[in-house]
Structures are given as structure tokens and as C-alpha cells.
Amino acid sequence: MKFKIYNYILCLVASVGMMACEDVIDVTLGDSTPQLTVDAWISNQLTTQTFRLSISQDYFNNNPTAGASGATVVVTDNLGNTYNFAESTANPGNYTSNFQGAVDVTYTLNVQYQGQEYQATTTLSRVPPIDSLVFTKAEEADGGPGSVSTGYQAEFFATDIPGVGDFYRIKTYQNGVLMNKPSDLTSFQDLNVDGLPFILPVRLSINPTNEDNDGFKQGDMVKVELLSISEEAFLFFDQLETQTNNGGLFADPIANVPTNISNVNPSGPKAVGFFYASGVSTIEGIAQ
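Residues in the sequence shown are numbered consecutively from 1, following the numbering used here.
Among the hints, erroneous ones may be present.
Unchecked claim - No more than 16 Å apart at the CA atoms, straight line, and that leaves these computed lysine to aspartate or glutamate pairs for EDC-like:
{"#": "1", "residue 1": "Lys137", "residue 2": "Asp220"}
{"#": "2", "residue 1": "Lys217", "residue 2": "Asp131"}
{"#": "3", "residue 1": "Lys181", "residue 2": "Asp238"}
{"#": "4", "residue 1": "Lys223", "residue 2": "Asp184"}
{"#": "5", "residue 1": "Lys171", "residue 2": "Asp184"}
{"#": "6", "residue 1": "Lys223", "residue 2": "Glu139"}
{"#": "7", "residue 1": "Lys171", "residue 2": "Asp238"}
{"#": "8", "residue 1": "Lys181", "residue 2": "Glu241"}
{"#": "9", "residue 1": "Lys181", "residue 2": "Glu140"}
{"#": "10", "residue 1": "Lys137", "residue 2": "Asp214"}
{"#": "11", "residue 1": "Lys171", "residue 2": "Glu117"}
{"#": "12", "residue 1": "Lys270", "residue 2": "Asp39"}
{"#": "13", "residue 1": "Lys270", "residue 2": "Glu117"}
{"#": "14", "residue 1": "Lys223", "residue 2": "Asp131"}
{"#": "15", "residue 1": "Lys217", "residue 2": "Glu139"}
{"#": "16", "residue 1": "Lys171", "residue 2": "Asp77"}
Hints listed in this document are in silico derivations from the structure and should not be mistaken for laboratory results. Computed from a predicted structure; not experimentally measured.
Based on the provided sequences and hints, a complete structural model is requested.
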């Protein structure tokens, strides 16, 4: 009994001491300089290619970013083609053009905005097909990284094309909605799996990420996109994943991720964001 009372008093004293040492510190952050932000992606799908130009804002500003309206946006390729992008009247800052990207073609983006000219270059790389998409009840799954506890576990199968130097990104849609949490960002390279089937953690990375480790529900429509990306884009997404998942007491300070958008005038205002191109393989299935 004395032991219990002693521990109670000790904990109480420690708690009071901790409260006494608690100080509230208000940190005043200066306003950041607005920068042009470029989100530009070309695919080999015959679709409307949509770029988003916006203006960066302060770190603690949770309002939607304002579109960068009035820009001139043009893409050219090494085959001599020119693609002019028109700004959407319904969504200022969105610029669209209808064309289909092609493998091994190099594309150059040119953006003229508020008297400044920005450029970026990327090449559309090959992508292997997705062979299959299978669903397994959680209680029947083998487990491992990416496995789920309840519902249905999804797993896709694909094989890397021989030849080191392929980089990939994975997008997953649940009932037509992109799974877009920081933990859903998946990018990888073929450094150790050249010409081999994708490893288990990659195959299972398409499953939902949540505290309860719940899988897909029966009847969910699941769409998986496998994107080829450049090495530059891989490093961009790798840093983006690190920054968005950056947390904890001893986490590194937030920093801008690298960009391939450059001002043709080295002393002019900088831009952030990325321009990349992808071959896309797609598969869909119903969780059942």
C-alpha cells in the first residue's frame, strides 16, 4: 500500500513540475514571397492534357491557392510539333490542350507570365503493362508490408522491362476518387529488380492507408495506374513524400522540394513545381 501511495505522490509531483515548466511560445513568421507554381504532366493517353499554374502562399494559409491567370503556355517536342494551351474560363489557372504524348519523345514547356519566361524539359519513358489485379479477403491474405486487417486486400502484378534506369509512380483510385493522402504517394526505381516482377511491398502499395488498417470494401471499384517517370521526377516525388510525411519531435525543418522549372533570366523570380511526362498502364477491378 505504501508503494502505491509513494508512486502516486511521485507522479503527481512530476506532473505539477511539468506544468510549471510549460511556456507558450508564439512564433511570428514573416510573409513569404509569392512564387509561380507549376503542376504540369503529359501522358501517352489520348486525353485533354491539363496543367495547373498557381501562386504559392504562406505556410499556415489554408485557403485554396489562387490560379496564375493570363499566362502563355506552350509545349514543343523534338519532332517539331507545337501544342498551345488555352486557359479554362471556368477554372482560372488551368491550361489545357488535346494531344497524345509518345514514348521516347522529349517535350519542352515554355511559360510566359508577368513579364517572365520559364522553361522545363522532360522525356516520356516506356512503361510495362499491368498483368493483373487481384483481391483477397484480409483474413486469407499472407500479410506483410502493405497488408490490411479488414475488408479486401488489393494486389497488382507487373514486370519491369529489362534495362536499368526505369522509374515509376503509382496512382490508385477508389470509386473514381484518387487516393491522394501523403501516405498514398508511391514512387520507386528498378535498381534491384531490373527485368523482374515487382516486389511485394510495391504490389501492395495500392491499398488504403489508415489508422485501422482497413482494406477496400466489397464492391469498391479500384483503378490502378502505373506511370513511367524520369529520374528527376522520381527524386521530386521522393522528396515530396519525405516532406509531406515529415513529423515528430526531431523531424528536419520543412524545405522546398527540387524543381525543374527555371527562369530563363537567372536573376529573375524563381518558380516551384514540376514538369514531367509519363507512359501510363491502367487496370481496373471490383473488390470481391
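Need the list of violated hint numbers for this structure, in ascending order.
Hint check: 2, 6, 9, 11 and 16 fail, others pass.
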